[in-house]
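So the protein sequences, as listed, match chains A and B. For what it's worth, this note's numbering labels the leading residue of the first sequence as 1, then goes sequentially. For what it's worth, this note's numbering labels the leading residue of the second sequence as 1001, then goes sequentially.
There are no misleading hints in this set.
In silico contact screen, one side only, chain A against chain B (beta carbon under 7 angstroms); selected entries: (1) N4; (2) A52; (3) V231; (4) V236; (5) P249.
Calculated directly from the structure, the hints in this document are not laboratory data. Every value quoted in this text rests on a predicted model; they were computed, and no experiment measured them. Beta carbons: idealized from backbone N, C-alpha and C, even for Gly.
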Amino acid sequence: MPFNQVVSVASVRAPDARHAEIIIPSPEIARQARPGQFAMLRPEPSNDVLLARPMSVHAVEGPAGAADRLRFWIKVTGRGTAALARLRAGDRVRVIGPLGLPFELETASDPPWLVAGGIGVTPLHFWAADLCARGVRPRFLYAARHASELVALEDLRRLPLDLHLATDDGSAGERGLAGDVLARKIDAGLRGSVFTCGPEPMMHAVARVAHQRSVPCSASLENRMACGFGVCIGCVVWRRQSGEQTARPVRVCVEGTLFDCGELGW
Amino acid sequence: MSAPVQMQVSLGPLRLRNPVVAASGTFGYGDEFAPFVDLNRLGGFVVKGLSLQPRQGNPYPRTCETPSGMLNSIGIQNIGIDAFLNDRLPRLKDLKAAVIANLYAESVEDFAALAERAGGAPGLAAVELNLSCPNTPMGGMLFGTDEKLTEQIVREVRRRTGLPLIVKLTPNVTRIERIGEAAARGGADILSVVNTFLGMAIDVETRRPMLATGSGGLSGPAIRPLAVHLVRQVARGAGLPVMGMGGIQCAADAVEFLLAGATAVQVGTANFYNPSATVEIVDGLEDYCRRHRVGDIRRLIGAVEENPPPG
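The shape of chain B in the complex, shown without the other chains:
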C-alpha cells in the first residue's frame, strides 16, 4: 500500500494529528527535546506537572534503576504555573503538536485555582489532572484513590475550564474502573491510564532505601503488562476515551495499548534512554499499519480479539 496511513485520532473534544503523546515528567517543558526530535511530528506532549507555587521537590536520591524499569521520587519540582504560562507557553504556541498542561495540587482549592489560570491560556490544547498526589489537608490520602474526592476535584476543575479535561488515574487502587467512572461523573473528557506503581528498592550494602523518600513510582517496561491490563479494564468500562501508557518503548508496544482499547498512547520513561523514542514510535506505527494493510489507525483501537473460551 503506498497511500499514506490516516493517523489522526480524536479523544472526545481533543484532536491529535497522531496517537503519540510524550508523558508528563519525561519531556520537560518541550524545548529541551528540540535537539533530538522535531516536536511537530508528535501528536502532543504533556509538560512537567505544574503547581500553584514553584516546588523544590524531594531530597536526593530521587531515581534508581530497577530490573527493566526505574523508580522515581522527584517530588514534582517545577517552575510553577505562572512561570510556565508567562515564560514557556508563548514559545510553544506555533507548534502543531498538542501542548497539554499537567496540574498538581494538594487541595481541592488549589486544583480550582490552577484550573482558573490554565483554563483559558492560549496555546494549551488540554489539561491533565495528576490525582496521584497526597491530599495534604486530609492527612496525606491520595486523591486518586477516593471516588468522591476524584469526582469533586474534576467537577471543580470542569467549572473553570472549557479545555479538554484529562484525568490521570493512579493504579494503586483496587478498582480503577470505579475511579474512572467517578472522573466521568465529574465531567472529565479523557482518562490517562496509568500513572506509576508504588515501589521500593533497598541497597543491601548500606541497608537503606535507594530513594531518599523510601518508596517511589515504578515505570518502564516492567509495568507494561500491568498497564495493558488496566487499560483494557478502563476502556471497557468508563465510556471515556483512554490515553494508555506504561513502559512503551517502540511501536509494537504502542500497538498493544491501542488494541487493548486506548485511543492514544503516552511515552514516558523511554524518552530518558532514547530521546528520539516518540518520533521513532510515530514512524513505527505508520510502518505497522502499512505492513498490516491498515489504512486508518483508528481501526486498531480496542481491536484485540479475545481468545475463545476453553472447552
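One chain only, chain A, in its complex shape:
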C-alpha cells in the first residue's frame, strides 16, 4: 500500500550540473519498496512546477532488516527534474510510494541480461542488488553516450555481477551503442532474458536485437504521469497480449512499469 508523506531531504550530491543523487528518509516506504518500483517526488510547496515526477528507487538503505531511506538519481531534463535537482538537505519534499509493480524474474537457466541506458540504470541497479543477494549473478550492460553519464558505476562495481560497459564515444568500456554491443555478446554465447530501461530509441534497438535472436525482452517504461497511482489515466501504453485481437490502453504506473516488448508491438 503506498504512502503519501512530506519529509525533509537527508542529503543531495551533484556530481555534475545535470545529475543529482538525493536521499530521502522514509522507513515506511523503504521497507516496502521492491525493485522496479518508483515514487512520485515533488518539492513542497510547489506551484509553478505543479506535478510530482516519477523516480525509480535506485536503492534502499539503512540498518540491516530496517531500511529507513530511499536513494534516487535525478537527471535534469526539464522543469520538474531541475526543481528536484535544486533541493538541498533539509528542504521539504513530498514522496508518494512505493508505486508500480515490482520486477519479477521467473527461474531461468541462463542469468538475465539487465541492459541500462543512461539514467535508466536506477531500477535495474535496485534489481541487480536484490538478485545478487538472492544468489543470482545477472549480466549487466551499462551503456551511455559518454563516461560522465555512468553515474551508478561505483554502485554496480560493488555488486557480484558480470558488468559490461559501453559508451557511444568509447570514453569508458566498449565503444558502441547498447543494441550493437548486446548483439555481439549474445552472438558470442551470452544468452539470457533481457530486461532493459533507458531512452526509448535505445530500448527499441535492444528489443530488436533480442527479438532477432529469439531472446525474451521486457522494457521498463516511463510515460508522462500526472498522478502515478492509476487515477489520471494519462500514462497509457497500448499493449496486445497473446490471444487478444487488438491492443488495449494500459497504465504504465499500475500495470507496469515493465512490459513484454513483443506485446508492445516493438
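With chain A's structure known, arrange chain B on it following the hints.
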C-alpha cells in the same frame, strides 16, 4: 470556540456531510484512494465519467504540465456504465460519502439511456452530466455551448431519474449564466462550475503539440481566478445551488469559492500531487471556521462583501 463546526450543506435535494467533493476524473472509482484517505471523511466524490459503452480514450500523450497547471486530453477512458453499476458501485454502498456518477455521451439518446441505467441504481447519491463533450451527430459541436441542446438533454435525463441532477458547465462559452439558466429550465437541481478551459502547449524542440490531440483541458491553480469569477456569475444568476471548482489545493482556496457563492466545492487536480488533499481541506475548513468564529459553514456561502464603489 470548542463546539464542533456544523459542516453539513444541502444543494437542493442533495445533502452532503461536508462541502468537499472529489471531482470526476481525479478520483477513479473511489477505492483507488483508500490507501490515502478515509473515504468516509469526504462530503462525496464524483466517479470517472461513464459512457454507455467502455471507451479506450485518446492516443498518448494525454497530459502535460503547464505553469501552475496541467492540460489533459484523456478522452474519457472508462469501463462503461454497466461495469461500474455491476462491479464497482456495490463496493461503495456502505460509504457515508455521497457517490455521484458523472455521465458522458455524444448524443441525446445516449444521455437518455445512461439516465435510465443510473437513475435508480442503489447507492448513487446523484448524477452529474458532462456536457463538455462533442455532439457527434451534429458535427462535433459541444452540447454545453448551446442553450437549446443543454435544456433538451437535461429534460430527457430529468424524465428518467429522480436522483439529484447536477449539470457540469463548460467555461468555454461567452455567457455561462445563460447555459446555467437553460439547465435550470430543463430541470437541473445543481450546477457544477466549471469544467476545464480549452488550452494548448507546444514542444518547441519537436515543434509539435505536447498532447496527441493538440488541445486539451486546462486545470489547476492557474485557472482558479477564472473559476471564482464564473462561480460568482452563476451563483448570482441561475437560482440553483452551485458546486464550485477550479484549482482548489487547500482550505483557503475552498473558502474563496464558498464566499463567491458556491454551496460546495470539488477538488480535482490537487488529488494527483497530494492524494490526501480532500481530507486536508475538510480539516482546514473546520479550522478556518473555528479561527473566524463561524459556527456553521453555511454562513460563508455567498458571503463575499463587495468592495464599495469608488468615489
